[in-house]
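> One-letter residues, chain by chain:
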Amino acid sequence: MVPLNWYLMLSTVVFMIGVFGFLTRRNIIIMFMSVELMLNGVNISLISFSHFLQDMRGQILVFFIITVAAAEAAIGLAIIIALFRNKTTAHVDEMTEMKG
Amino acid sequence: MMPFVMPDLRPVMPEVVMTCLALIVLMADLVIKRKETIAFLSIICIAIVTYVLSGSLGTTFNGMFISDGYSMFFKLIFILNVILTVLISVKYIAVEKVNFGEYYSLILFSTLGMMIMASAGDLIVLYLGLELMALSTYILAGFIRYDIKSNEAAMKYFLLGAFASAFLLCGTSMIYGLTGTTDLKAISDYIVKNGLASNPVLMLSVILFAVAFSFKIAAVPFHMWAPDAYEGAPTSITAFMSVGPKAAGFAVLGRVFMVAFGSIKIEWATVLIPVAVLTMGVGNIVAISQTNIKRMLAYSSIAHAGYMLLGIIAGTNDGMASVLNYMLIYAFMNIGAFAVVIMLRSEGFKGDNITDYEGLSKTHPLAAALMLVFMFSLTGIPPTAGFMGKFYVFMSAINAGYTWVVIIAVIFSAISAYFYLRIVMYMYMKEPKETVHLTTSPGIGLALAITVIAVLIIGVLPSTFINFAHVAVIGF
Chain A
1 MVPLNWYLML
11 STVVFMIGVF
21 GFLTRRNIII
31 MFMSVELMLN
41 GVNISLISFS
51 HFLQDMRGQI
61 LVFFIITVAA
71 AEAAIGLAII
81 IALFRNKTTA
91 HVDEMTEMKG
Chain E
1 MMPFVMPDLR
11 PVMPEVVMTC
21 LALIVLMADL
31 VIKRKETIAF
41 LSIICIAIVT
51 YVLSGSLGTT
61 FNGMFISDGY
71 SMFFKLIFIL
81 NVILTVLISV
91 KYIAVEKVNF
101 GEYYSLILFS
111 TLGMMIMASA
121 GDLIVLYLGL
131 ELMALSTYIL
141 AGFIRYDIKS
151 NEAAMKYFLL
161 GAFASAFLLC
171 GTSMIYGLTG
181 TTDLKAISDY
191 IVKNGLASNP
201 VLMLSVILFA
211 VAFSFKIAAV
221 PFHMWAPDAY
231 EGAPTSITAF
241 MSVGPKAAGF
251 AVLGRVFMVA
261 FGSIKIEWAT
271 VLIPVAVLTM
281 GVGNIVAISQ
291 TNIKRMLAYS
301 SIAHAGYMLL
311 GIIAGTNDGM
321 ASVLNYMLIY
331 AFMNIGAFAV
341 VIMLRSEGFK
351 GDNITDYEGL
361 SKTHPLAAAL
371 MLVFMFSLTG
381 IPPTAGFMGK
391 FYVFMSAINA
401 GYTWVVIIAV
411 IFSAISAYFY
421 LRIVMYMYMK
431 EPKETVHLTT
441 SPGIGLALAI
451 TVIAVLIIGV
461 LPSTFINFAH
471 VAVIGF
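Line by line, the protein sequences are chains A and E. With my numbering applied, the first sequence corresponds to residues 1 to 100, in that order. With my numbering applied, the second sequence corresponds to residues 1 to 476, in that order.
The hints are simulated quantities; they were obtained by calculation from the structure and are not laboratory data. Note that CB positions come from ideal geometry on N, CA and C, so glycine has one too. You may find that some hints are simply not true.
Below, simulated DSS-like cross-link-like pairs (lysine-lysine); rule was C-alpha separation at most 25 Å, straight line [stated by the list, open to error]: (1) A:K87 to E:K97; (2) E:K350 to E:K433; (3) A:K87 to E:K149; (4) E:K149 to E:K33; (5) E:K35 to E:K430; (6) E:K362 to E:K265; (7) A:K87 to E:K350; (8) E:K362 to E:K350; (9) E:K97 to E:K33.
Some chain A residues flagged as far from chain E (calculated, every beta-carbon gap over 10 Å) [claimed, not checked]: (10) M1; (11) W6; (12) L10; (13) F20; (14) T24; (15) L39; (16) L61; (17) I65; (18) V68; (19) A71; (20) D93.
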């Protein structure tokens with residue numbers, strides 16, 4: 001059987017790739033994908049905890065996270081499209097309407 | 001096979017009723033063409049929810065959902081927030097040419113999320129409430145679709161909000177792995193029973209929770225979204241999200257830290273003290289250099305989050321009561337100030353620069369006088385409510401032994417007088433450059449009357465409200 005530590009390492013790696021992607025990439029879509037990666041990293045750890053603790057709560061939370069992430073994707077993409085119609089860019093550094 | 005037991009629905013009844021009524025408001029938009037009617041309908045909905053709320057004390061769903069005095073007090077703040085926001089929005093969204101009916105149902109859904117957060121006794125419920133609130137607010141922030149500033153505000157708010165909720169989930173997952181549960185009471189019991197006080201994983205998850213909640217209450221160093229989101233969003237929504245999500249953030253911060261992490265108070269206080277000091281410092285000092293009033297009020301709301309954090313840091317029932325009291329006062333004075341800002345917006349005139357207020361007392365003496373009261377209250381000058389709010393928060397922090405933090409807070413509070421009173425100086429001591437037309441309506445008049453009367457009454461007779469807050473936190 002695969003030990004718990006391996007799953008947790010995988011989950012941490014996926015989560016950290018998400019964090020670094022969010023902080024270093026400047027394209028909105030890729031930043032958004034990085035957030036999804038972070039959520040999936042958390043999902044892996046929750047499911048492995050749930051399996052090793054023999055407790056269902058973790059898996060229930062994962063279902064909720066997946067559902068909310070879908071809603072979040074819908075709203076996020078809608079906002080990106082609304083923005084893209086007014087300004088044809090998906091680059092965060094070009095969003096400088098407001099400063100100070 | 002476990003038998004299905006119907007849970008006691010009485011404590012969740014306000015939320016159930018709110019869900020149904022928000023959906024009805026959404027549907028009513030299809031048949032009702034006059035949007036003022038929908039605004040009126042949503043106020044009726046809130047009245048019904050308030051009525052249901054009065055008989056909803058109790059705990060249900062195996063402790064996942066708690067309706068106690070604490071959540072009740074926060075729900076009253078949310079209800080107040082919706083009523084005032086709807087009153088100031090009716091005319092404003094018509095001026096901004098975004099007079100759509102779904103605006104009101106989104107406000108109701110966002111408030112529903114806040115109510116669920118205030119009552120959450122379990123991290124799963126907390127997450128769901130938080131997302132419902134946040135997702136509705138993202139849409140509202142970008143509600144002026146044709147305006148690039150509004151789009152950009154929504155984008156920044158959305159990206160950083162999603163990033164923060166990923167941290168919340170990471171903290172939840174660690175707590176779950178450590179204690180095997182997500183129930184706040186059970187987490188606390190497990191920590192005490194197994195002596196986990198100095199466990200590094202526990203500390204890491206406390207920090208992750210602090211990060212996620214700091215995003216919601218706009219505390220430094222996680223405040224970067226706030227000025228942009230506040231400036232770009234429709235002003236009525238700026239008023240809404242400077243009170244609602246912040247109050248909800250404090251509700252969960254209080255409940256998670258006081259209940260689940262109640263046994264490691266010293267540890268999380270050392271995490272929150274630097275956050276509070278930085279929040280007060282950055283909020284007050286950066287506000288000085290602002291030229292846009294919405295941006296200035298954004299930094300001011302960051303600074304107020306810092307003051308309120310002192311009550312949480314105190315870690316006593318007294319401290320929590322002072323936070324509740326402060327939040328109520330803050331709701332009145334902040335929405336009042338934004339209502340004046342909204343009045344200055346008219347067709348073809350933005351009216352959100354600080355220089356637009358020059359000589360307002362000559363052209364519109366009443367509006368200037370109202371702004372004067374709100375600015376005094378935000379500064380914390382007696383006899384306005386802002387003074388009383390600060391007084392109780394600082395006193396509870398001193399009683400808990402954090403005198404030096406309070407000294408810093410008072411110094412920053414004195415600095416804040418500069419940028420609040422600058423508005424007063426512009427209004428009363430400068431000559432008007434151009435005639436500013438006020439956009440008035442019965443709704444905004446009513447909202448201003450409610451807020452100004454509340455600010456003055458709480459300022460003169462604070463004991464009723466602080467006693468009410470003390471009663472609310474009993475048994476918390």
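> It remains to establish, for every hint, whether it holds in the given structure.
How the hints compare with the structure:
Under the criterion of a C-alpha separation no larger than 25 Å, the hint pairing K87 of chain A with K97 of chain E is consistent with the structure, at around 20 Å. The hinted pair formed by K350 of chain E and K433 of chain E meets the criterion: a straight-line CA distance of about 15 Å does not exceed 25 Å. For the given pair, K87 of chain A sits about 11 Å from K149 of chain E by alpha-carbon distance, which is consistent with the 25 Å threshold. For a cut-off of 25 Å, the pair hint linking K149 of chain E to K33 of chain E is broken: about 28 Å separates their Cα positions.
A threshold of 25 Å between alpha carbons decides the hint, and for K35 of chain E with K430 of chain E the separation of about 39 Å lies outside it, so the pair is violated. Restraint check for K362 of chain E and K265 of chain E: not satisfied, since their Cα atoms lie roughly 53 Å apart, outside the 25 Å limit. With a CA separation close to 21 Å, the supplied pair K87 of chain A and K350 of chain E stays within the 25 Å bound. Of the pairs offered as hints, the one joining K362 of chain E and K350 of chain E holds, with about 20 Å between alpha carbons and a cut-off of 25 Å not exceeded.
With a C-alpha separation of about 15 Å, the suggested pair K97 of chain E and K33 of chain E falls inside the 25 Å cut-off, and the hint holds. No beta-carbon of chain E comes within 10 Å of the beta-carbon of M1 of chain A; the shortest separation is about 18 Å. Listed as a non-interface residue, W6 of chain A keeps its Cβ farther than 10 Å from every Cβ of chain E; the least gap is roughly 14 Å. Against the 10 Å criterion, L10 of chain A stays outside the reach of chain E, whose nearest CB is about 13 Å from its own CB.
Even its closest Cβ contact with chain E, about 12 Å, leaves F20 of chain A beyond 10 Å, as expected for a residue assigned away from the interface. Even its closest Cβ contact with chain E, about 13 Å, leaves T24 of chain A beyond 10 Å, as expected for a residue assigned away from the interface. Annotated as non-interface, L39 of chain A brings its C-beta within 10 Å of a C-beta of chain E; the closest such distance is 6 Å. Remark: the non-interface label on L61 of chain A conflicts with the geometry, its nearest Cβ contact in chain E lying 5 Å away (cut-off 10 Å).
Interface exclusion of I65 of chain A from chain E breaks down, the closest Cβ pair being 6 Å apart, not more than 10 Å. A cut-off of 10 Å between C-beta atoms contradicts the statement that V68 of chain A is not in contact with chain E; the least separation is 5 Å. With a cut of 10 Å on Cβ distances, A71 of chain A falls inside the contact zone with chain E, its closest approach being about 6 Å. At roughly 12 Å from the closest C-beta of chain E, the C-beta of D93 of chain A stays outside 10 Å, upholding its exclusion from the interface.
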